[in-house]
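One letter stands for each residue in the lines below.
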Amino acid sequence: MTDWNAMTDAEFRKEVRQFFEAEYPEELRHLSHRPKFAEIEHWHRKLHAKGWVAPAWPAEYGGMGLNAAKLLIFYEEQQRWGVTRGRDMGVQMVGPLIMKFGTQKQKDYWLSRILSCEDIWCQGYSEPGAGSDLANLRTRAEIDGDDFVINGQKIWTTLAHDATHIFMLVRTDPNAPKKQQGISFLLAPMDQPGIDVRPIMTLAGETEFCEVFFDNARTPRENLVGEMNKGWTMAKALLSFERIFIGSPNLAQNALGQLESFARGRGAFDDPVFRDRFAQAALDVEDHAALYTRFADQLKRGETLGSDVSMLKIWVTECFQRLTELMIEAAGPDGGALGPLQVGNVGVDVLASFYKARPSTIYGGSNEIQRNILSKAVLGLPG
Amino acid sequence: MHPSDQEDLRLLRESVRTLFDRAGGVGRGRNLRGDSVGWDPKMVRELAEAGVFGVTVPEEHGGLGMGLAAGGVIAEEVGRVLAPEPVVTTVGLSLGLLRRLCPDHAKLAQIVGGETVLAVAWLERGPSGAPAEPTCRFADGKLTGSKAWVAGATGAEGFLVAAVGDDGPVLTLVEATAEGLSVDRRTQADGSAMGELSFSGTPAQELARGAAVKDALADAINDATALAAAELVGLSERALEITLDYIKTREQFDKPIGAFQVLQHRAVDLHIMREIAQAGVREALALMDGETDTRARAMLASRAKARAVTTAKRITRDAIQMHGAVGYTDEYDIGLYLNRALVLSAWLGDDAHHRRIWFEAREEEGAAQ
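Going down the list, the sequences are from chains A and B.
Everything in the first sequence is counted per my numbering, starting at 1 for the first residue and increasing by one.
Everything in the second sequence is counted per my numbering, starting at 1 for the first residue and increasing by one.
Just so you know, not all the hints are guaranteed correct.
[As the list claims (entries may be wrong)] Cut-off 25 Å, straight-line C-alpha distance, at most; resulting in silico cross-link-like pairs (DSS-like, lysine-lysine):
id, chain 1, residue 1, chain 2, residue 2
1, A, Lys230, A, Lys179
2, A, Lys100, A, Lys230
3, A, Lys376, B, Lys248
4, A, Lys100, A, Lys179
5, A, Lys50, A, Lys14
6, B, Lys255, A, Lys376
Note that these hints are calculated values from the structure, not bench results.
One chain only, chain B, in its complex shape (with noise of 0.2 Å):
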């Protein structure tokens, strides 16, 4: 990367953090949990002033036309304050839908300006209630089915929903007033929800069909995953800090724990990890701006979240032992930082699955050669 594109970074990673903190920094998020809307509009207002939505999109769109790596950059800090405004959705999943297939839409520079935010639904739970093959239909103008693990659904003021048409794949638009759908909530470890919709005989927007709705919803869900990695990196930065702060302040035996060398050593472990997950995950972002084959995107997609959800699963969980007691009260933030990673690691795949998928795309690749 150019140094001056670094600059440009660093500057954009100073703004975003300054703005976090003189929010209210993880004690905003830890007022908002279970609330109605999920985060806070006035926030998502000033993000979006900030340029924060518009990171990925081009300029002639309204964007900064910044790239993944800049993604990343902001992904990162609102995962060290634990932020609940949709930004890793919005980012990765809405913009990265309208960005490839209709970037002329109305809508893109509403959420560009933080004037609305939408929700992408593409999964469905199957009986055993396991994800399972979407049936979701649209005809007529009407979508019917259903679709769940819906982030972002409670303040959401519409959807994107990919939908089965006569002919192949189909995006369309559903606003959350609309006729015939129903939002259920499911609340997750962090106090945030995902929603189940569904739609019966729903009115909907058709926004794009065929092929290109595939590899769009592809390369967008690709983006996401790997900015929800970056997400986890800030996470586990700021988890391990507030733990070393801990353990160098919290005295038993006349010395600081901190002092005991197995913590040590452990702190030491999870100091490693987490450079290594920063340095694998910000490579693979900025290898994806640069990378237009799908598969080798989905690889890099794969290889960035796998690192950081084993990375912030350890960091959160050992961060809990090594605060002893008080770590598992819900005074403490740290067990913010382990909820939050829950959530995080279960969506969009956790680090067995990326794994898995990872290898099977380095298989084919290997065959295709």
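Just chain A, same shape as in the assembly (with noise of 0.2 Å):
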């Protein structure tokens, strides 16, 4: 087992940077959507060979069992050469939830069969009343005999026609004196009659998200996680990686460098104006670099992150917006055309890019929850 940590840091990137440029698939790089599990099945498997699919668990567990430094590597350099996140909310939510709050039993079940694809996770979250309000929500799971009654609605719910199973919130004491409590964190399988998916049409013409129906589902008792009613405060421990991770800057970094070669190829710079906002933009995309890495420091020295990282993420993904209307802009007449447009002889999908920008600004709790977490835990503003 190689103790990734012991290397330098240089050494990483070089070692996880080869790998990246060598094995992974042309064609799937800088994909603006995210892929279904058939479409990268390939690529999964190299990467399950190699034992990279879980780059932050333990080793104990078949992961790569990563410091924060290294990790931070790691997704650099995947996000440097367009790696798909694949299907990872099983590597990325579950997992770590089950091996913090898990029985041995549930840890030797269902973490392997992570690592291998063999179940494929989506995450039932979000409902129709339960969005930035996430505590509101309202689908009921009753134990009848050795089983969970589940009963209720799902949204957002990414590729649940693409997943085994899901990995729900779910309210368990009605009467809970306040809305966090009385949530229970609950497994279920994908495949049984109760279970009714329905993707949902996007913007940009794809079905990436899902609703998902529970009339009468069943999940066995016995996949419950961690201790009835305190499914809120589990789920919430796990977003604190995650936070630094949604505010990084290379979506940012990648849009820049679209727009520069499609804004050079079409002319562009040619408008004074045109510069003057691109020099804005470029600027704004450098100094959040400089923030980031200010707070990637402190991940390094081993300090836990607070809740201002936050800023990071309402930059960036702001930024990021930006950027994709400029492309717009510097599109002039195609601005409304689908598909790829041709500058020299390499097509930029403008529009793709513009849509895939705007529910940054939305998901991972949106720019407006940010703020106000912003305003009172950081500022200190009343009420």
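Mind docking these for me? Both chains are given alone in their own frames, and the hints should help you get the complex.
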């Protein structure tokens, strides 16, 4: 077993970079959509054989056991080369939760199946009445003999139609004094008559989100993870690393590179107004990277990050949107055209980038919710 | 940066902050507005004793040799209390030139020791009032022509003047009392003054000549530009603190106005801008320390100033709005921050100017590769 953490940062970066550059399929680079498993199965097999499916997991569970510094490098290289996250809900979300709160039996059964993608997971958190106000969720789970019986509806469930299992937050005590109490964390198989999945067509013309309806769906009681009615605190405990990852500069850096080559090809830099707006956006990306480095250094020193890290997400997602809007401007009369636009001998799909940027200010806690959090937790404003 | 360097910077910041706070904080600068010297000479000596002016001067010439990153720490503290002393002009410009061109000149040691202050003059005003190509001549030991936008001219005991010589650029030294020199004050929004100098056969001492003068001037201007950015970062930080304190305590409709979401989100946006500016400007200064290529240094300085100006303008203007009517009075300190931001933004180029410079340099760099 390689001790990756013993390598220098530079050696490790080189190792990761070489593997991606040599092995990652060219046609899967910088995908503008979240792929279904069949599309990336070949790549997943390679990653699995290499033992690199779960960089953050401890080696005892089949992960790479990377520390924070190495993990950041791994993700930076992944994003730099445009390597898809793949079907990583199991690795990112449910696996760590099972490791932390699950029974030995649950660990033995589920974890290796996550790595091999024998089980493919989707996340059932949001509901029609519980988006930013997630604790408002109403999907009920009631004990019936050896099972939970589930009734309700989840929405914005990414790739639910390509998942074998769902992990979800459900209400198990509707009479709890606070809405954050009375929520439990439950696993359930998707392939059963009580579950109906309906894909949602997005503005981008894709169907990566779904609605999931539960009508007396069942899951064994042993699929409860952690304590009954403690699901909210458990799910929240997982989010701290996610918060810097979601604010990493890569999405914006890639969009900047795309904007520059497209704008140059189309002659947009002849316009001094465009030049200024480009310079502004480019410097927005550069200075964001400086702040990101400060937080990353904090992580590398072993410090935990505070709520202020969500600044990164607010700034970079809004920056990402401005960059894709500039791309549309540079496209001129082609600004409404679907599909790749030719510049020189490459095609740039301007609208695909634009659409990809839109939900970034909504997911992972909308930017408005992030501002509420910063206002109270960081600036100490009242109310 | 090495952790022990970080510790040195922290100690430096603490000692400069304490010095300014003990001297009277913002109130001190308020009382010096319109002063004939423009600053407190006693304070200049105290700053010198703390090592402030020599921060980027090598140790063998009596400085601290800590580099621009440390200069930025000092400039941030100057910005926080709106100190009127000529710190950035001295560290960036006068010492920036002397340490590069004539580190053994007696003036360098005197400036580092707080015994004298020199202002630097290189820009000229054309007939339209806008900056123009320099024509001020130096020949036979005498200067003829004019210079404009000379910061710190009011209390300076002399001037470092960049002039056109017979065979290229020359750096000269002129005493403030020299014959044939007149200094015209242009009062600025913050109560300081810029000097407009005119020379008619004014005696001057030649310090250096040739391409070295041009390069040193470019480097010193880049240093000063980045340090002015750091001063704006410190200014923005304090202006936002004052504003946050205000909206936490000012009550309307039976609650602190900071409880209203529209102000909360606005405050968060200002906070993020400030954090981005602080990180960007500090990174630029640290990178300039390790960079010798003039174009790369110019790009870093422009990046820093563009960011700092955008941030300071937005924060100080929103700060007035969030204070409401009292923000428009001279009595409240927040207006002093707005006024200082106006002056520091215009000096050495504003954000639009520096984005243009940065973009052009980036294009040249791309073409060169």
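Hint check:
For a cut-off of 25 Å, the pair hint linking Lys230 of chain A to Lys179 of chain A stands: about 12 Å separates their Cα positions. A hinted pair counts as satisfied when its Cα atoms are at most 25 Å apart, and Lys100 of chain A with Lys230 of chain A qualifies at roughly 13 Å. In summary, the hint linking Lys376 of chain A to Lys248 of chain B is supported, as the alpha carbons are separated by about 11 Å, within the 25 Å threshold. Restraint check for Lys100 of chain A and Lys179 of chain A: the C-alpha separation of about 24 Å stays at or below 25 Å, so the hint holds.
The suggested pairing of Lys50 of chain A with Lys14 of chain A holds, with an alpha-carbon distance near 16 Å, which does not exceed 25 Å. At most 25 Å may separate the alpha-carbon atoms for a hinted pair to count; Lys255 of chain B and Lys376 of chain A meet this at roughly 15 Å.
Hint check: no violations occur; every hint is consistent with the structure.
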